[in-house]
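**Q** Residues per chain, in single letters:
2 protein chains.
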Amino acid sequence: MLISQLLGERYKEKPADAFLDSHVFLLRGGYIRQVASGIFSLLYPAKKISKKIEDIIREEMDRIEGQEVLFPVVLPAELWQESGRYDSVGSELLKFKDRANHDFVLGMTHEEAAVHLARSEAKSYTKYPFMIYQIQTKFRDEPRARGGLIRVREFTMKDAYSFHTSQADLESYYQRALKAYERIYERVGLKNVKVIKSDTGMMGGQTAHEFMCVSEGGEDSIVLCDHCGYSANMEVAVSTPRKNVLKEQQEIDEVLTPDVKDIETLSKFLNVEPMQTIKATVFARKDNNKPVVVFIRGDLEVNENKVTKVTRTEIYPLTDYTETDLNFGFIGPCQLDAAGIDVIFDRSLEGLTNMVCGANKKDYHLKGVSVSRDLEVTEFFDVANVTENDSCSVCGKPLTITKGIEIGNIFQLGDKYTKAMNMTYLDQNGRLQTPVMGCYGIGVGRLLACIIEDNHDEYGPIWPKSVAPWQIHICILNNNVEEIKQTGFDLYENLSKDFDVILDDRNVSAGFQFSDADLIGAPVRIIVSKRNAKNGEVEIVTRDQSTKEKVKVADVERRVRELLS
Amino acid sequence: MLISQLLGERYKEKPADAFLDSHVFLLRGGYIRQVASGIFSLLYPAKKISKKIEDIIREEMDRIEGQEVLFPVVLPAELWQESGRYDSVGSELLKFKDRANHDFVLGMTHEEAAVHLARSEAKSYTKYPFMIYQIQTKFRDEPRARGGLIRVREFTMKDAYSFHTSQADLESYYQRALKAYERIYERVGLKNVKVIKSDTGMMGGQTAHEFMCVSEGGEDSIVLCDHCGYSANMEVAVSTPRKNVLKEQQEIDEVLTPDVKDIETLSKFLNVEPMQTIKATVFARKDNNKPVVVFIRGDLEVNENKVTKVTRTEIYPLTDYTETDLNFGFIGPCQLDAAGIDVIFDRSLEGLTNMVCGANKKDYHLKGVSVSRDLEVTEFFDVANVTENDSCSVCGKPLTITKGIEIGNIFQLGDKYTKAMNMTYLDQNGRLQTPVMGCYGIGVGRLLACIIEDNHDEYGPIWPKSVAPWQIHICILNNNVEEIKQTGFDLYENLSKDFDVILDDRNVSAGFQFSDADLIGAPVRIIVSKRNAKNGEVEIVTRDQSTKEKVKVADVERRVRELLS
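Those protein sequence lines, which keep their order, are chains G and V. If you count by my numbering, then the first sequence holds residues 79 to 643, one letter each, in order. If you count by my numbering, then the second sequence holds residues 79 to 643, one letter each, in order.
There's no promise every hint is true.
In this list, chains with the same sequence are indistinguishable; a pair is considered to hold if it fits within one copy or across any two.
[Said to hold, decoys possible] BS3-like, lysine-lysine: derived pairs with alpha carbons at most 27 Å apart:
(1) LYS497 to LYS387
(2) LYS440 to LYS628
(3) LYS475 to LYS563
(4) LYS205 to LYS90
In case anyone wonders, no lab produced these hints; they're calculated from the structure.
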């Protein structure tokens with residue numbers, strides 16, 4: 079490829095709305111262009127990388143006996159009604175009618191399509207186990223598209239579905255899929271990937287794992303124990319919270335706390351530790367908009383996802399209190415009028431003594447509240463975010479929390495879809511059975527972006543050899559000198575036989591060529607210039623700065639081969 | 079691949095609703111399954127073939143300097159409003175709203191997306207010419223989905239867009255693209271493809287060509303001159319119609335023709351040749367529903383597409399006459415009350431004498447009508463279907479008409495999209511110019527189906543080597559005999575190193591194995607059996623029946639290599 083012919087402008091200015099490095103470089107390097115919120119066109123370099131990633135994924139899926147198929151993007155609503163997800167999934171599921179007024183959805187995941195295909199083709203136990211996968215466009219009507227290719231609405235995804243005659247067989251295949259995922263991430267050049275337990279969410283099933291690219295730009299929090307290896311997404315992580323030193327029980331005392339509405343102000347005002355207070359966090363149920371009040375120790379935060387597990391319905395943070403009788407800023411568990419309200423107690427409160435909490439009365443708090451003495455709690459739940467003050471619930475050692483970007487997930491779905499959609503097979507004894515199912519997803523575009531997050535410097539991406547759009551970038555610094563130009567083009571012709579090569583054939587300054595080369599990110603750069611040509615040499619520099627040397631023109635091919643091997 | 083693990087049932091029964099051979103074999107061979115009308119899932123064998131076709135297309139696009147990109151499936155309505163097609167394209171364009179109530183369409187073609195991408199990246203003449211292409215899912219809300227993968231609603235398509243600074247440059251690139259298409263069809267194994275002039279339709283522009291797979295199952299009619307090579311789609315074909323022998327002019331005479339409503343009955347009733355009559359064919363305009371009456375010589379048929387070119391608006395055949403004053407069956411050009419009606423005369427009528435036509439009065443026709451004497455015609459148009467009685471308008475020799483399936487099209491779009499969407503570049507003199515554009519499409523699924531139409535026998539597809547899902551099919555006729563089984567598996571292991579091999583590992587009869595092998599259609603079949611094993615031999619048969627021979631086991635690899643080279 080001659081760079082003069084490459085479509086996609088590169089530029090120096092930081093794009094205004096881009097915060098993640100991958101987003102910045104994908105725009106500045108001419109890799110992607112936005113078409114609508116969360117919807118992008120990929121230019122040639124990004125498509126080349128994407129294809130290399132897809133080929134690696136395909137190879138690893140084939141290694142675990144995957145059969146590549148292709149499901150439709152446009153799916154009839156009936157399939158999603160069969161599984162029950164037509165109604166249970168929120169508005170991320172895009173619904174529409176065709177010209178004949180039939181209901182359709184845009185596929186955001188393909189469990190239904192997979193069962194639809196498999197149930198007519200696998201009616202005997204002899205067909206099991208099997209796995210089918212596709213690499214296909216998906217659409218998820220994401221309300222918070224952001225970060226370039228990190229959180230988008232339309233994306234290319236590899237999704238795989240395995241079918242088994244027993245849970246044991248599913249579990250053993252699940253382990254093979256997990257290993258295949260690890261190989262994929264290693265091969266595409268990700269250096270810091272964690273496999274963690276995750277929430278099963280809208281997919282259902284019992285067991286699920288996420289693969290997290292550890293990154294400061296990540297939206298997910300990962301809880302890790304360096305000692306025993308425990309790891310989990312914050313949304314499902316368990317821990318042993320730091321314990322309170324129990325104080326002597328006092329009588330309840332109402333104190334005036336004018337305009338003291340949050341824990342920080344309260345603990346300063348009354349000179350108590352936050353962990354000696356009880357905080358109220360209020361949500362509302364999506365189904366009937368009634369408040370859900372969660373009481374938790376003042377130094378902890380409520381995890382919304384964990385609350386959802388208790389309420390068994392979707393919730394949202396309540397910000398408008400006007401329709402309730404709640405005294406915003408002064409809500410407490412004593413004498414709370416709980417009519418029409420769900421109240422949840424976090425287990426951090428169990429047995430605490432001499433606490434401070436809201437008095438359910440404007441500008442007043444209570445002191446001296448003891449949980450077992452003063453409150454009637456039927457059950458305590460774990461609805462708290464894990465903190466670095468907690469200890470590992472497995473081994474008791476300290477936990478660490480880090481940020482990550484989810485780059486893949488795998489689920490043991492059990493019979494959720496096969497049962498709902500009446501998929502059966504005849505077993506050895508001629509009896510009808512319901513198979514169990516696993517599913518396995520990787521978003522290709524997000525993976526591409528994460529490779530940048532994990533491999534870049536201040537000037538641009540440092541593409542791993544396995545996925546680089548071009549392996550070699552030749553800069554001809556003096557394109558106006560015929561002889562120098564010829565040397566560059568000869569190298570280009572020669573190296574193009576075995577490698578993906580891009581050549582800078584423009585009459586522009588060295589600085590201009592180099593900053594473009596940094597954005598294009600090829601692992602090996604060959605610089606052809608008048609100065610080095612005098613000695614029959616060119617300069618070879620690797621994008622990761624590990625190599626910078628002068629090489630005789632005749633030795634270039636050998637040396638490049640070494641560097642790229 | 080072991081056939082026991084291949085997902086996709088094969089069966090013998092002819093599917094009830096399948097009329098095309100490709101449709102029949104795609105269903106019977108376990109290649110595709112319908113999900114909704116015109117929407118299919120592809121199983122592993124079809125996906126394998128599709129991928130091989132895509133790779134061939136990609137290679138040929140890269141050979142003409144294509145840069146592969148990826149546009150979104152979901153496109154914002156604004157882009158289609160810019161080009162004007164949001165309103166001009168009919169209900170094949172699927173429109174919907176996202177969760178934020180913004181208007182979107184499902185991409186059925188991507189001219190708008192291509193201009194959207196290119197206009198920000200090609201602002202200088204130095205970037206031109208360039209071509210971008212994608213291989214991506216498209217959706218067209220086709221009212222008459224039929225024929226398996228021949229006419230579908232969702233499909234995978236390669237679409238390419240080239241941009242040029244002059245019409246001459248576009249034309250020269252267009253010729254290169256045409257040659258690339260010819261190479262693609264040859265490489266995928268199509269034997270009978272015609273390049274013909276075609277209508278530009280909803281795409282716009284001046285010049286367009288279609289590639290037609292000649293096939294009895296085709297919906298399109300192709301007009302060919304074997305002498306000079308003239309070829310065109312019936313929708314745009316021109317010809318010299320057979321001439322009438324001019325009769326002596328007579329006086330007009332009204333004759334009673336009770337219940338004589340069509341040309342066949344009329345010509346029998348009055349004992350005149352159909353070409354001595356004037357036929358009326360009635361359409362209505364889609365924009366205002368007013369009738370369009372076309373008069374044409376009685377032996378010819380009106381071409382609706384050609385009429386559209388005259389009316390410059392979409393039309394439909396009028397079947398309900400109750401709202402009009404037209405005398406159905408007795409419409410004629412004399413004394414026709416043409417108020418609020420479009421009247422079109424086909425050029426076949428020019429100068430004709432002594433004709434029979436409707437009298438615009440129930441049960442009456444006129445005799446003795448002479449066109450120049452009795453009718454006031456401002457302009458004659460060519461709105462007739464070409465017939466095999468016509469002669470070539472280029473060389474005068476006879477024409478032939480054949481059926482075909484459109485498997486690709488290329489268009490010189492000119493500045494239709496670039497102008498409407500304000501795409502400009504700076505020329506050598508620093509002046510803003512509008513580039514011109516070409517576009518080039520191939521549907522992958524339809525091509526796959528046409529390969530079957532062109533390569534099959536009564537038992538199944540005969541896949542060309544270049545696209546066969548498996549190149550070699552090993553049948554082990556005695557899987558229950560350990561030694562025979564071992565011979566088969568040894569061959570499988572060995573040949574799998576260099577070839578795509580499928581092995582029948584089931585304990586089923588030879589007939590069962592062979593009929594499955596016919597449906598799977600691998601070019602080379604190796605039959606391992608007890609009988610041949612005695613002599614240390616296997617049987618090698620090619621799917622096209624050209625080879626059937628016994629080969630020593632040690633010679634199999636060499637022989638297979640020859641057959642597949």
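**Q** Decide, hint by hint, whether the structure agrees.
**A** Here is what the structure says about each hint:
no.: 1; hint: LYS497 to LYS387; result: within (23 Å within a copy, 56 Å between copies)
no.: 2; hint: LYS440 to LYS628; result: neither (77 Å within a copy, 97 Å between copies)
no.: 3; hint: LYS475 to LYS563; result: neither (63 Å within a copy, 57 Å between copies)
no.: 4; hint: LYS205 to LYS90; result: between (56 Å within a copy, 20 Å between copies)
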